[in-house]
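Line by line, the protein sequences are chains Y and B. Mapping of the first sequence onto the numbering used here: residues -7 to 219, in sequence order. Mapping of the second sequence onto the numbering used here: residues 330 to 971, in sequence order.
It is possible that part of the hints are untrue.
Simulated pairs of lysine-lysine, DSS-like, Cα-Cα distance not exceeding 30 angstroms [unchecked claim]:
(1) B:K442 to B:K731
(2) B:K578 to B:K715
(3) Y:K99 to B:K756
(4) B:K439 to Y:K190
(5) B:K756 to Y:K185
(6) Y:K185 to B:K428
(7) B:K756 to Y:K190
(8) Y:K188 to B:K756
(9) Y:K185 to B:K382
(10) Y:K139 to B:K756
(11) Y:K188 to B:K382
(12) B:K382 to Y:K190
(13) Y:K185 to B:K715
(14) Y:K139 to B:K382
(15) B:K602 to B:K618
(16) Y:K185 to B:K439
(17) B:K646 to B:K596
(18) Y:K139 to B:K428
(19) Y:K190 to Y:K99
(20) Y:K153 to B:K756
(21) Y:K153 to B:K382
Note that these hints are calculated values from the structure, not bench results.
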Amino acid sequence: MIVDYARMGGRVPPPDNEGLQVEDDGSFSMWRSIAPAVGRFAGKLSPAELSQLRKEAQMAAAAGDVSRPPTMDGSAERFRLDGATATMGNNDDVEGAWGELIRHVRKLLEQLVSMPQAAVGLEVGGDGRSARLVHLGNKPITVDLSKLSVRAVLWGRGFQKVGDWSTPVKPNPAQTEADDSWNVPLPFDHGLKTGKNKVLHVYVTFAVSENGQRADVRAEHTPPVPA
Amino acid sequence: MTLAPPSALSVQAIAALQSVAGNAAVSALLDVQRQAAAVQPRTTTTGSQPMVKRGSRGPVVEELQTKLNLIPTAAPDAFLKVDGDFAANTETAVNAFQKNVMGIAVPDGKVGKNTWPAIDNAVSAAESAPHAHPVLHLNDSSAAVGEAQEKLNAAAGAALLSVDAVFGAPMLTAVKNFQHTTMAIPVPSGVVDAATWTRLDNAAPGGGTRASRGGSGIEEHVGPAGGGNPLAAAIGSTHPIVGPGNLLKGIAVKEMQQKLNGFLIGKGKAFMKANGVAQLSADGNFGPKTQAVLSLFQNQNGLAGAGGIANAATWTKLDAFTSTVGTESRTWQETVGGHTYGLTSVYSWALTPTAINVTVGFNFVPPTAAAPMPPAPLGTWLSFIKSTWNQFKAVDSADPKKSVDIVFNPIQSTDPSARTVKVMPGKGRSDAGQFFVVDPDIAGTVSHEFGHMIGLKDEYQQTAADFRASTGYEAPVGQTTGPTSNLTPAQVAQRLQNAIVGRAAPSVTPSPAAQVIAGMGQGAFAQRVIAAYKALPSVAVGAVAHVAAVAPNFGVQASAAFNTTGDLVKDLDTGLTNFELGSIPGDKYQVIEVLSYDSGSTMGDPSRQVDQHEHGAEPRHVREFSQLVAHTRGGVWQPRQR
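Bound conformation, chain B alone:
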């Protein structure tokens, strides 16, 4: 197994450099690169923060709350809920910080030009406080092993190791490779000693818990800020079909016209004259002139078979040209807790000199076709989206002074492309298809659902690989110990398979699956169970006939036969289709939750206590829009906090 070098240097370049300058020189160079990366601010906000006080709301308050949670002296006996609401608890914590840390006798509870720097300094001090690491050897098993695995993965830029907190043969190889490549040790020991920890900390900051620094037991992320790709992969083209029998008007037509103009300009005036066409007015109307240029474009590009309709193949060719407007129609699927969901996200965008404006339509409808529309704070709901998502800009990497704001504009619309949402009277728990007028969590839910509407995946009940891919962070170490029954990972895996196979048996209290995982939490031990399950032979799970409930048990729901796949979460989702695993109906959900990961972002689990670097919506979530800017303006543009 070979550690991947930083992306800035190719394997070939490193090999060539090694042959000339030797391992030590290469190692030193790589270290310089890694340290440069390490000193990049990991928080997603930059610049001077505005003054906030009681009553303030928004992402800046979230930033304040997460930072205060990192400073034990700020909130000596409490952990602030990171909700962006500067209420009494936050004010108490600010007062405590000003009094205890800043030495202000009569604190004012306001965070302005003096308190912000003091808080930032206190956070830096907390983060740079000595973080004691034990020496790790082959066959060790501890949270520190898990932390080292996170850092080895992050340093390599690849998921070399499962973060299972077990120092086995794969980790030994990874440690030796790290020591050889990064530390220029000719004969590496494979022992994670103090020097190796120092290099790992430089290469991949973060990790461990605040408990080790006097704070709460929330883990710090390991992994580059701004990494990860939370955008769902599109199934098929992201462009709607334009032309006769399809779209004939609107932004997608305008986008196509602009791109056709790019084609014509590239060909030159003589070409246009010879073919009897001229540049289009780009008015969004598909008329005879547009038809003629589209047909010409298709003939020139081997697409004559498209028959004058801008289909997926035509759009692929058109996308070589630029436009200042566009429509994105993204059909995608995701897996949450082993279950697959599908969605189509539709939005339009327009680039001006100062902003890329993204418009998304909501079609609010009554609960039923026959019911009247209930009174509802529709405007307030849309404002939640703006306060969560309108905090980013796209920055030109070549000239960071150049930027355009990324502005989301949710609107009410009856256009077929708009997302239909039922407006529900009374209290309830909102989701993608219905918003309740009395839902205390509506602000978070609306913002989360808007994330789906711009193509973002969920970040809860994720596999380790999906969590890493979406967030850019390594899977956290989490709980390293097993269930209260003291079963080994292999025993837990076997018993969960038994629970799936034996699903036809009348349910007991508590359910077999719930009994097996009692006392387990998300993290390293659960990953060992998942690995052990993968190693089990596939078994046939018989069809289940309906079994009537006999109090106090709930009986069994009819279900089709299948073969286990080795994917534990998927098999639990497929196999335990009955809702009634025990006397409490829903513990299938809880079993899967233990075996997966959640991020603390807007797209993740809103109840999770978040790492200080998580800010609800994050720049990685809006990278798509900085790339749209880059496509039109040229160069490399990155998403940043405004």
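Extracted from the complex, chain Y is given alone in its bound form:
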């Protein structure tokens, strides 16, 4: 193992519940609960990426353990290497050798959602008037929509929230096996007026299970918001 990362907790549900393990040969397994796509991701890092990560991990391990208390109401992160562990609050900034590795791993967490194995993605229409959940990857995943909720937030200039719409929690068919062409159109009559200098973000909360273990998740569509 080169690095074993986990992030969990936080006050606002669903909790952060993210994990990434990169093995010596560059193969990785990742779980994402709050991301553009949620569920299991797997694959192999490129040789260049792997080489860089291994170098950073060796330097961090040589620097020894790091232990910082998590911030109140925040989630906690843990980075485990061969021979050293770092624990800290989510997004804590760390100097030195650990800093390079931590920033790299956090970046990988965002990038590797492009390699789904058994996951659910959120697709939002280009005109912002439709949205659906879709299965991603080559393995099935159990999806529980019994507490599905959809939220659309419109961001305006200066990071001001200019619209906030959400569906009520409605009972839906409880559990289903998502595979291949599985997709579910979402209720999306938000009525928000999109346009110049406005960016629409969408958050869909539901639950998925893997091997009988259930996790509350939030699939997000969050394009950049200009200042």
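Guided by the hints, dock chain B onto chain Y, whose structure is given.
Frame of chain Y; chain B shown alone:
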């Protein structure tokens, strides 16, 4: 076990009255008191509400949404999110109410002078609708038993019973005591029959779910509105040290000067002349004159050893006097999900004839020392605090017409006492130490964190005792049934202990702890598991060496040895230090969540569907400030909605 009487009558007074007038008379008197308490409005808003319509925001909209959720005909197939935002869903529900309940053919979707009373009447009708109770006997187990336990606790004003939904021997004793004391039954049956339910309902309104009244399955709270103490207990003095080598300027110095003046006035002019001192100007500057009076005060109060510095012991004596300004520096700890966090809250306050103004500083900084400050809506963030918290006043109990507004004034400040918060660019989930510019939940988070800055504890992942102490409400009945595996509470407790002890084993999918609690929810059954765990003998949990991950498992994190304590949540937090209990990393959080309680207030779990009596920030959260008013003005002052 003896039921505690209402606070207005002491045990001795009741005994004396009983000897003269008999049980029946005492019971009748207590009933009058309880019924008087029962008719107090349980909602925290009073008076006429302003007109709200689509686009309106704030606590009044939250009140509207919670009330509409109580009226099934208002939102026939939907439960409104109580977010204080009068958007399309709320408007649809208002239209449905005006059409279906008020009989308006063309509803306007606005809630004004006609619709508010109609909604209030509909809520009252929903609340007073017959709430059928089954007769309860020893050894029964049901949600109704849990509800009776809540009411017995609330009626007694003490946590006599765990709300575990099991009618055991402790509950039998409590029921008999209630029947004997409150119902004046000489030989009580211990059966919760219709008459006993009626008395319990009078003594402790609420309880049960809206499902029984045709609405959703959200439980009604049992317990007095305005009860509870959400303020964290201070470790040490709440005053900063003032004097040479410490604070020499500012509001704390001014507070001390005012209180020293109170001391001098009490002593009289002759005393001042004899000691060569005069009243201080109370300008917030610690000069020679202030030093002289402080030293005199200390000499007069056996504090000469303090050496002219206003330390904790000096402040304790000074607090006998009043001031119109002050600084509060509260260092405190809390336990959330079995984990202990610490914080220091600092604010200053100033009392005017019409308001107590509370100032709290935020020191916004870039994400790193080297990074520039990202563009951020700092003013908007601070405005969230005002819209959530500036809705209360302190009211003089002796003359309710007298009140002062409680006004919170969050400011940007680089003073060392200000809370440092990193301003984070891009999207993310904010917490006490960092605010993201793109966070859809930022309004709630900023308001929650401000609550900590005025000394309030969290109200999520709480033990039953902490939930009760903070909110004043009894722990809700919640889920009375066990996990999908049909294990008994004792079996669940034993298996959770086994999971803690066996933590060194390579993790499996799903984790042992997650397997055990699958299908469980917060509430009565979980409390039975906690009780069963407490009864287990303490066992030694060995140290754990690092175990490398082997796909698909995550391995185990190194951890120190410890002995189990009988506190299940604490032991889970201590014992399951590894993040990787299963293939999904964070189910330790979910296991603890099931075994705890959350309130729906600003300080609790923001996703929880709230009881109609919860309004985000509640008067109980600002009681500290009404007490500051009382200390200065005298009398008893209570926090109320404006």
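Verification of the supplied hints:
With a CA separation close to 26 angstroms, the supplied pair B:K442 and B:K731 stays within the 30 angstroms bound. Pair hint B:K578 plus B:K715 holds up; C-alpha atoms about 28 angstroms apart against a cutoff of 30 angstroms. For the given pair, Y:K99 sits about 14 angstroms from B:K756 by alpha-carbon distance, which is consistent with the 30 angstroms threshold. Taken as a hint, the B:K439 and Y:K190 pair is honoured in the structure, with Cα atoms around 28 angstroms apart against an allowance of 30 angstroms.
The hinted pair formed by B:K756 and Y:K185 meets the criterion: a straight-line CA distance of about 21 angstroms does not exceed 30 angstroms. Among the hinted pairs, Y:K185 with B:K428 is consistent with the structure: their alpha-carbon atoms are about 28 angstroms apart, no more than 30 angstroms. Restraint check for B:K756 and Y:K190: satisfied, since their Cα atoms lie roughly 15 angstroms apart, inside the 30 angstroms limit. The suggested pairing of Y:K188 with B:K756 holds, with an alpha-carbon distance near 20 angstroms, which does not exceed 30 angstroms.
A C-alpha spacing of about 19 angstroms is found between Y:K185 and B:K382, which places the hinted pair at or below 30 angstroms, so the restraint holds. For the proposed pair Y:K139 and B:K756, the alpha carbon gap of about 24 angstroms is at most 30 angstroms, so the pair holds. Using a Cα cut-off of 30 angstroms, the hinted pair Y:K188 and B:K382 holds, with the two alpha carbons roughly 27 angstroms apart. Distance restraint check for B:K382 and Y:K190: the Cα-Cα separation of roughly 24 angstroms lies within the 30 angstroms cut-off, and the hinted pair is therefore satisfied.
At most 30 angstroms may separate the alpha-carbon atoms for a hinted pair to count; Y:K185 and B:K715 meet this at roughly 28 angstroms. As the CA atoms of Y:K139 and B:K382 are separated by approximately 28 angstroms, the hinted pair is consistent with the 30 angstroms bound. For the proposed pair B:K602 and B:K618, the alpha carbon gap of about 14 angstroms is at most 30 angstroms, so the pair holds. About 22 angstroms separates the Cα atoms of Y:K185 and B:K439, which keeps this hinted pair within 30 angstroms; it holds.
The hinted pair formed by B:K646 and B:K596 meets the criterion: a straight-line CA distance of about 15 angstroms does not exceed 30 angstroms. With a C-alpha separation of about 29 angstroms, the suggested pair Y:K139 and B:K428 falls inside the 30 angstroms cut-off, and the hint holds. Taking the CA atoms of Y:K190 and Y:K99, the gap is about 26 angstroms. The hint holds against a cut of 30 angstroms. Proximity of Y:K153 to B:K756 is assessed by CA-CA distance (about 13 angstroms); at most 30 angstroms being required, the pair is judged to hold.
Straight-line distance between C-alpha atoms of Y:K153 and B:K382 comes to about 19 angstroms, which keeps the hinted pair within the 30 angstroms bound.
The structure shown violates none of the earlier numbered hints.
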